[in-house]
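Visitor: The working numbering applies: residue 773 is where the sequence shown begins, and numbers increase by one.
No lab work stands behind these hints, which were simulated from the structure alone.
Hints are supplied without guarantee of correctness; some may be wrong.
Listed below are the simulated DMTMM-like cross-link pairs for lysine to aspartate or glutamate, each with C-alpha atoms no more than 20 Å apart in a straight line [stated by the list, open to error]:
{"hint": "1", "residue 1": "1226", "residue 2": "1198"}
{"hint": "2", "residue 1": "1226", "residue 2": "1236"}
{"hint": "3", "residue 1": "1298", "residue 2": "1348"}
{"hint": "4", "residue 1": "1044", "residue 2": "1005"}
{"hint": "5", "residue 1": "839", "residue 2": "799"}
{"hint": "6", "residue 1": "1136", "residue 2": "1234"}
Pairwise CB distance ranges, derived in the manner of DEER restraints [said to hold, decoys possible]:
{"hint": "7", "residue 1": "1220", "residue 2": "1169", "range": "24 to 34 Å"}
{"hint": "8", "residue 1": "1431", "residue 2": "1134", "range": "44 to 54 Å"}
{"hint": "9", "residue 1": "881", "residue 2": "1110", "range": "45 to 55 Å"}
{"hint": "10", "residue 1": "1373", "residue 2": "1057", "range": "39 to 49 Å"}
{"hint": "11", "residue 1": "1269", "residue 2": "1391", "range": "43 to 53 Å"}
Quick caveat: nothing in here was measured; it's all calculated off a predicted structure.
In this text, a Cβ means the ideal position worked out from N, Cα and C, and glycines have one as well.
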Amino acid sequence: MASWWSGNQLRLIQNNLRETDANLDVDLLISDLKKLSTNVLMMNAGGIVAFYPTRLEYHYRAANQQKDLLKEAIDKAHAADMRFIARFDFSKAHESLFNKRPEWFYRTKAGKEVNYHGIVHTCINGYYQREYSLQLINEVISQYEVDGIFFNMFGYQTRDYSGYDYGICFCDSCRTRFREWSGLELPETQSLDDLVFRRYKVFQDVTTKEMLERIHELVTSTGKEIAISTYNEHKVDIVRKESNTDNRRPHPLWLYSASENVKSLEDSWEDKLISNCCINAIDLVHRFTAVSKHEMSIRLRECLASGSGLDFCIIGVFEDYPDRENLPIVAEIFKYHKDHEAYYGSFLSAADVALIKPGGPAPKSMKEYSGLFKMLKEQHIVFDVIHQNNLLNQRDSLQGYKAVIIPDIAEFSEEGLQLLETLYQEGVQLISTGCSFTEGAANLSFMQRVFDLKPGQVQVYERDAAYLKTADKGLFKSFPERDWIFLKGTFQELEFGQHTLSQLPFVIPSTFGPPERASGHLISDKSFGASIRTDNPVSGGKNSLRRAVYLPWQAGELYYRYGFADHKHIVLDILDDMLDQRWRLTTNAPSNVEVFFNKLDDQTYILHVLNLSGFNGMTYSEPLPVYRLEITLHDIGHCSQLTSLTEQVEAAYAMSNGKIVIQLPELQEFAAIVVKIEETPKEIVV
């Protein structure tokens, strides 16, 4: 029997309660939630503050609470056909518990606790989180009919709410467990260049997963249908992520937050669903002022179009919440999902390309990955995100892609390398960037076998006038009049094998100032910005020889950080050449329109088009209409019916040389179109 959450149809609202909400008007809250078409309510149960009459000694109950709020909220949510997920936070506890059991709590290197306005940081290796939290969970799930449990700030937390980082925990439990696990003392630094700290990151991963396994064992032992949710994939049913903002976060602003959060889970795990929480507040400090309604609209629609349900959060309750501007757009999008949920929850891939998301305890190359994600989105290439952490379970899916992109991932497991090599041998083309496959003997051997390369010295160019030359204009078609593109950051020297074609000759840095000395550049005949493996041909296609491309620099990170289109066009020109421009979807849409394309079944596809033109890089405003859009679908069959799910969106189609050309005369904000394909007649065997 399928679990209640397996349909992936969540319309979740989280009311993140304050202690002062302990006696809230539940009837009014349920009424407000109904207006938003909510079908799942997430609300506080316990941890920092218990919102029910707990019997446990070390569980602080909300001051002056006059009723069992948890029971009332669960009962009335169920009566309104809503599921209820109980929220816990064990990362901190009330200072009264610290006064009784100080050994359960986090300690700085100097041995000090962190007391933030009467709430004290705990530690995942201390007794409170490792043992006592299970008693808290059991008290709730055994006495209340909850449909799910969610854990906030799960794992290792080192910052307070003001953002101050106190460093790793040095409590006795951490010292002892790390010594027993590794034979080492806790690291003195938090640098990934420190081998002890890297071991500590693995230790964090192992102990976090161990705790999740214990929670999973407890919950499943009840025999009840209770979903487990937190910000980790291990032994979890509903993986929670957040699209949020933070006034201290460095630019650039990340336009694709919701799309990336959903895709990196939805495309990679079949046995889990993603609930991407769209945080209303602009940051943790200013919880009572919301982000722009236009930003909220983009987040929620990206969630839907990428394959998840909806998830929205405010602090407190609606009756005294001082910023109501975003509620109408939330209500509109939630209602849209309610009215059309038959089309949502079970998207299938129609992607040409897979982009691997770096995994492991301490991924280093997230900017490289994000820049490549941005390139593919802007070019409207239909792609999936396959998480490195679940790569081995996606063997069948990976065989269906035309190309796999590896963004500066230095190390794969031996099993992961075997999978990638098998894909390569079967004709899936590989494109790799940065210093991929350079850590450990197995990765270096893979690099030589598949790319016919050996890594050399790594150079770092910051204030150096380094360039790459786009010499082959047949390959780099975007550069008819631009011969040099600038290079910054990491550049890896390569030793080329006999089966490689070298491209993008390195322009050796020279003087750049004063103007009178801006000369003297030489073109290297040994260093290059791209290598193309050319052996082991596959039948068909003029570019079938070019199956493994290596860019020994960070094109994605440069595009993410600076936004110069040259770095994007290098990657896209190579992709176009590798695949001979055989894309499933092509369009005349500008780069500030986001296109999503998925399969629903063998005869049905769904197309979403989202207008991002209201984002200027800093501010979100009303998008400008986009006119005369055409989206062409290749090699999926003949269209029998086109249905627009969005009101006031007209769509038409025409068949042209076996291709479906969808025409949108005008795009305001969002379009959702269902494409039905004529069923192929079954062959009659006589």
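Visitor: For each hint, tell me whether it holds in the structure or not.
Guide: Each hint, compared with the structure:
no.	hint	verdict
1	1226 with 1198	23 Å, violated
2	1226 with 1236	25 Å, violated
3	1298 with 1348	26 Å, violated
4	1044 with 1005	8 Å, holds
5	839 with 799	14 Å, holds
6	1136 with 1234	19 Å, holds
7	1220 with 1169: 24 to 34 Å	27 Å, holds
8	1431 with 1134: 44 to 54 Å	45 Å, holds
9	881 with 1110: 45 to 55 Å	52 Å, holds
10	1373 with 1057: 39 to 49 Å	47 Å, holds
11	1269 with 1391: 43 to 53 Å	50 Å, holds
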